[in-house]
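Line order of the protein sequences matches chains B and L. Those letters in the first sequence? Residues 937 to 1090, per this note's numbering, in order. Those letters in the second sequence? Residues 9 to 789, per this note's numbering, in order.
Treat the hints with care, as some may be off.
Derived DSS-like pairs (lysine-lysine); straight-line CA-CA distance at most 25 Å [to be verified]:
{"id": "1", "chain 1": "L", "residue 1": "Lys-662", "chain 2": "B", "residue 2": "Lys-1083"}
{"id": "2", "chain 1": "L", "residue 1": "Lys-17", "chain 2": "L", "residue 2": "Lys-659"}
{"id": "3", "chain 1": "B", "residue 1": "Lys-1061", "chain 2": "L", "residue 2": "Lys-659"}
Derived CB-CB ranges, DEER-like [said to hold, decoys possible]:
{"id": "4", "chain 1": "L", "residue 1": "Arg-283", "chain 2": "B", "residue 2": "Leu-1057", "range": "54 to 62 Å"}
{"id": "5", "chain 1": "L", "residue 1": "Pro-734", "chain 2": "B", "residue 2": "Asp-989", "range": "54 to 62 Å"}
{"id": "6", "chain 1": "B", "residue 1": "Leu-1057", "chain 2": "L", "residue 2": "Asp-317", "range": "44 to 52 Å"}
{"id": "7", "chain 1": "B", "residue 1": "His-1007", "chain 2": "L", "residue 2": "Glu-198", "range": "47 to 55 Å"}
{"id": "8", "chain 1": "B", "residue 1": "Met-937", "chain 2": "L", "residue 2": "Met-720", "range": "40 to 48 Å"}
{"id": "9", "chain 1": "B", "residue 1": "Ala-938", "chain 2": "L", "residue 2": "Ser-447", "range": "34 to 42 Å"}
{"id": "10", "chain 1": "B", "residue 1": "Gly-1016", "chain 2": "L", "residue 2": "Lys-516", "range": "20 to 28 Å"}
{"id": "11", "chain 1": "B", "residue 1": "Ser-1065", "chain 2": "L", "residue 2": "Gly-609", "range": "20 to 28 Å"}
{"id": "12", "chain 1": "B", "residue 1": "Ser-1065", "chain 2": "L", "residue 2": "Glu-444", "range": "28 to 36 Å"}
{"id": "13", "chain 1": "B", "residue 1": "Glu-1058", "chain 2": "L", "residue 2": "Pro-734", "range": "36 to 44 Å"}
{"id": "14", "chain 1": "B", "residue 1": "Ser-1065", "chain 2": "L", "residue 2": "Ser-447", "range": "21 to 29 Å"}
{"id": "15", "chain 1": "L", "residue 1": "Glu-444", "chain 2": "B", "residue 2": "Glu-1058", "range": "26 to 34 Å"}
{"id": "16", "chain 1": "B", "residue 1": "Asp-989", "chain 2": "L", "residue 2": "Met-720", "range": "46 to 54 Å"}
{"id": "17", "chain 1": "B", "residue 1": "Lys-966", "chain 2": "L", "residue 2": "Asn-588", "range": "50 to 58 Å"}
Keep in mind the hints are simulated off the structure, nothing from the lab. Ideal placement from N, C-alpha and C gives every residue a C-beta, glycine not left out.
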Amino acid sequence: MAKVKLTLNNETRTIDVEPCETLLDVLRDKLGMKSPKCGCDRGDCGACAVLIDGKSVRSCLIFAIECEGQHITTLEGISGDQLSILQEAFIEFNSFQCGYCAPGVIISATELLKSNPHPNLEEIKEALSGNLCRCTGYQPIFDAILKASKETKK
Amino acid sequence: MTDYRYIGKSITRIDGREKISGAAVYTDDIDFGANLLYAEIVSSTVAHALILNIDTSEAEKLEGVVKVFTGKDFPYKFGLYMKDRYIFAQDKVRFYGEQVAAVVARTPQIAKMGAELVKVEYQELPAVLDQMEALAEGATILHPDLGDYPHVPWFFPKPGTNVAHWRKTRRGDLENGFAEADHIYEETYEVPRYAHCAIETHVAIGKFDYSGRLTVWSSSQSPHTQRNLFAEALAPMGLSQKDIRVITPHVGGGFGGKAGVTMEILPAALATKLRGYAVKLRWTREQEFINTYQRLGVVAKLKLGVKKDGTITALDHKIYWDAGAYVEYGANVVNAVGLSAIGPYRIPNVSIDSVCIYTNLPPGGAYRGFGYSEMLFGLESHITTIARQIGMDEIEFRRKNAILEGDKTAYGAAMNPNGLLEAIDKVTKAIEWDKEYKSTDPNKVIGKGFSLFWKAPAMPPNASSSAFLKFNEDASINLIISGMDIGQGYQTVMAQIAAEVLGVDPSKIRVETPDTDRNPYEWQTVASHITWSSGNAVKKAAIDARDQILALVERVYHMSQDSLYLEDEAVKCHNQASFNLPLRSFVVEGIATKDGSYRGGPINGRGMFMPEFSSASGDPDTSQGGHPNVHYTVGAGALILEIDKDTGKMKVLKAAEAIDAGKALNPDLIKGQITGGLLQGLATVLYEDMRYDDKGRLLNPNFTDYKIPTAMDVPDEIIPIIIEVPQPDGPYGARGVGEHTMLPAAPMIANAVENALGIRIRSMPITAEKVAMAYKKHREQ
Chain B
937 MAKVKLTLNN ETRTIDVEPC ETLLDVLRDK LGMKSPKCGC DRGDCGACAV LIDGKSVRSC
997 LIFAIECEGQ HITTLEGISG DQLSILQEAF IEFNSFQCGY CAPGVIISAT ELLKSNPHPN
1057 LEEIKEALSG NLCRCTGYQP IFDAILKASK ETKK
Chain L
9 MTDYRYIGKS ITRIDGREKI SGAAVYTDDI DFGANLLYAE IVSSTVAHAL ILNIDTSEAE
69 KLEGVVKVFT GKDFPYKFGL YMKDRYIFAQ DKVRFYGEQV AAVVARTPQI AKMGAELVKV
129 EYQELPAVLD QMEALAEGAT ILHPDLGDYP HVPWFFPKPG TNVAHWRKTR RGDLENGFAE
189 ADHIYEETYE VPRYAHCAIE THVAIGKFDY SGRLTVWSSS QSPHTQRNLF AEALAPMGLS
249 QKDIRVITPH VGGGFGGKAG VTMEILPAAL ATKLRGYAVK LRWTREQEFI NTYQRLGVVA
309 KLKLGVKKDG TITALDHKIY WDAGAYVEYG ANVVNAVGLS AIGPYRIPNV SIDSVCIYTN
369 LPPGGAYRGF GYSEMLFGLE SHITTIARQI GMDEIEFRRK NAILEGDKTA YGAAMNPNGL
429 LEAIDKVTKA IEWDKEYKST DPNKVIGKGF SLFWKAPAMP PNASSSAFLK FNEDASINLI
489 ISGMDIGQGY QTVMAQIAAE VLGVDPSKIR VETPDTDRNP YEWQTVASHI TWSSGNAVKK
549 AAIDARDQIL ALVERVYHMS QDSLYLEDEA VKCHNQASFN LPLRSFVVEG IATKDGSYRG
609 GPINGRGMFM PEFSSASGDP DTSQGGHPNV HYTVGAGALI LEIDKDTGKM KVLKAAEAID
669 AGKALNPDLI KGQITGGLLQ GLATVLYEDM RYDDKGRLLN PNFTDYKIPT AMDVPDEIIP
729 IIIEVPQPDG PYGARGVGEH TMLPAAPMIA NAVENALGIR IRSMPITAEK VAMAYKKHRE
789 Q
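Build the full structure now, drawing on both the sequences and the hints.
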């Protein structure tokens, strides 16, 4: 066991982890964050994506022990007290069906809009290409991101 | 046209906020505390073998292992339509990956290490990996005891062979039909197996408490069916339905893969031997690919006879299904298609043989489309080809033979009202079928593909739905039902139905995921029947509640019920505009009278629906006489496909799909089914493919090697079209559409490839590589 100190959704947390524990397992089992989902456990599906220092990362592919001192944001942190413009757009467009991929998609889309507030369709597709969704055919997800980007001031 | 307040409106999903905020709870998200144990399965490493010995001693010695179980601990069978499999393999394994033993331990890591220490000794038997080989004389028989397996009365197994079920449908005079034909065309089509690939893998937790009651939390489409099958399987242990409770939180995608019972039986059974603990089993992605239901593989032999004017005179359709090692669910896929393999056409002389064949591959089962995708690939490819052969426009050919209301289905019952012709017309127009599409790139060509589709719910004749509805003090409503929102928007649409009857906004109606102890019976969320069947039950429950409200108001205020109606959360009166009694004033607390006493009390509605006209008792040799299917949903699709002549790379430039929903209760949700289902269908034809080696091992059990569509693979444009020819017995005229949206994808691509390049590919998938190689060969000839 080793002690790791990190910032999770703006709170400082200190936890004991085994060197072999992935960030995904530690977030879900030791830190109470259930929004990152396990879909493949090998980085293919993107359902476990979280933001580490603002960058989208698959939490199944890194060890928790590597996260010393880092700022981690999960969907719980994005939701906070008020949903984001992006989340409201996802509701408006019925962007998700089963919802299992939603946390990862929202993380990727949040990262995209932060670095590129007004992406075109191709840029949106590129940004989401690592998030698998089996239900929607992606179109309603694109529509919501385009709408949210329009609502963000130039 | 009736003016509805909530029906037919594209309201946003009532579970939207939960799902986009991270609040939605899925099975794997539930915490079970310190008494949670983890199971890992020991899987067969051979496709067909006798189990000679299982040595668990090394695993038992490992610190943290609580117990190791084998088939001896659970000599019990289970299955939905045919009880042909055991909880764990007994003396024989029949597919690579089958569960042989389980190690239960304190952590998942220890369970996994323990499972690797279990030694299983096999004596290999010849593996039968192809359904045509399994049918051949002298083939190894997978189930020598087939004759003893309990099954539903409408299955016809052939003991002593690998044929688990043979659905025969005969109508008219086939020989005469072909004699009348001016042109006969015969061909064979092949479809491989496919995987559902819900992003959430199967997961279930069983807990057997000290009082002897079993609770199972599972990611499932079928809570009540699971409870029933657990009770049947575990009956020798003294358990019955009352002792078993199934709780099904949000499901991360189903597509048929989470229908019935597959791996959930394992933690349920293991828990019964570990009193006081919760036992969790979660499939890895690899296990998900290997040991759940897969879509069945197909070899279809088609012979179609037509007159010069395009009239179809006869169809002989033989479909051989690779149904896998166990067919307890998959045999009903075979049955369903055996009743419906005429497609949406009027054909007077028909012979269908749909044959369910055991192979040493993983069990086949329900997959969105329930066999119709596989059947339509051949049939709709054949239709396009035969139209061209007789020099007739393929759209005109389809229009001429399209099944209409009142025409006879293959089993002799009358076809339900439907908008097939309207679908053909609207798709043709939307896709601009007559327009000359030409690529600006000389290396690329453009083809057009068309397909019709149909599908009926495949269910036992007595599959039923029920609903409870209770009012709260603020006139909000808890709608208590047991269908699963697997993403289709079930909860939202059911809320809309109750809202319409009761004049309460859908946003004030809460629909929770089911718990078999508290929610009323629902057969399963499968077959695209849930909007229709559960919708009818919900409507009846809401009418029951409304009747109670109106009767109460009549009793207290002496107003005729006929003059009363519900609107804006209040009781109003046609004859007295000033009358406005808010529901919140009385639906729980009752109505106060002058003497201070109250009338009424909490309003609770109940509703039930069973299609009492349905019957599976058709003649075994002809299928005539019963009414096995409640109705068909029909539609049409077309697409414009761009193909690179050198690489075979294909891109869907534009697709249109029209579906007859009867009544679109929520148009936006139906459009969501079209964009999602069409992409899932396109993936099955363009690149998805389960590849097995000659030992029956799946070579691509992960998303790196089994590609499902990403955001980059979406067609440039999809035009969803909703047709509304009401289903007379549907809620507000609605019928199901969920599975149908993927049905036309494969034949549309096959037809577009032929249209563009002049080559006909008769085996799926139609990959870029296959197209490039076929075109190269074609040019060389």
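Structure-based check of each hint:
For the hint pairing L/Lys-662 with B/Lys-1083, the CA-to-CA distance comes to about 23 Å; that is within 25 Å, so the pair holds. Simply put, L/Lys-17 and L/Lys-659 have alpha-carbon atoms about 33 Å apart, too far for the 25 Å limit, and the pair is violated. For the suggested pair B/Lys-1061 and L/Lys-659, the alpha carbons sit about 15 Å apart, so the restraint of at most 25 Å is met. At roughly 57 Å, the beta carbons of L/Arg-283 and B/Leu-1057 sit within the given window of 54 to 62 Å.
Taking 54 to 62 Å as the suggested C-beta distance range, the pair L/Pro-734 and B/Asp-989 conforms, at roughly 56 Å. Between B/Leu-1057 and L/Asp-317 the C-beta distance comes to about 47 Å, which sits within the given range of 44 to 52 Å. At about 53 Å, the beta-carbon gap between B/His-1007 and L/Glu-198 stays in the expected band of 47 to 55 Å. Against the hinted window of 40 to 48 Å, the Cβ-Cβ separation of B/Met-937 and L/Met-720 comes to about 42 Å, which satisfies the hint.
Take B/Ala-938 and L/Ser-447: their Cβ atoms lie about 59 Å apart, and the range 34 to 42 Å is violated. Evaluation of the 20 to 28 Å hint for B/Gly-1016 and L/Lys-516 yields a pass: the beta carbon distance comes to about 26 Å. Separation of B/Ser-1065 from L/Gly-609 is about 57 Å and departs from the stated range, judged on CB atoms against 20 to 28 Å. Our hint of 28 to 36 Å for B/Ser-1065 and L/Glu-444 holds, since their Cβ atoms are close to 34 Å apart.
A C-beta distance of roughly 42 Å is found between B/Glu-1058 and L/Pro-734, which places it inside the suggested range of 36 to 44 Å. B/Ser-1065 and L/Ser-447 have their C-beta atoms about 25 Å apart, which keeps the hinted 21 to 29 Å range intact. Checking the proposed 26 to 34 Å range against L/Glu-444 and B/Glu-1058 shows it holds: the Cβ atoms sit about 28 Å from each other. Range check, B/Asp-989 to L/Met-720: about 27 Å between beta-carbon atoms, so the 46 to 54 Å window is missed.
For the pair B/Lys-966 and L/Asn-588, the supplied restraint of 50 to 58 Å holds, since their beta-carbon distance comes to about 55 Å.
Checked against the numbered hints above, the structure breaks hints 2, 9, 11 and 16 and satisfies the rest.
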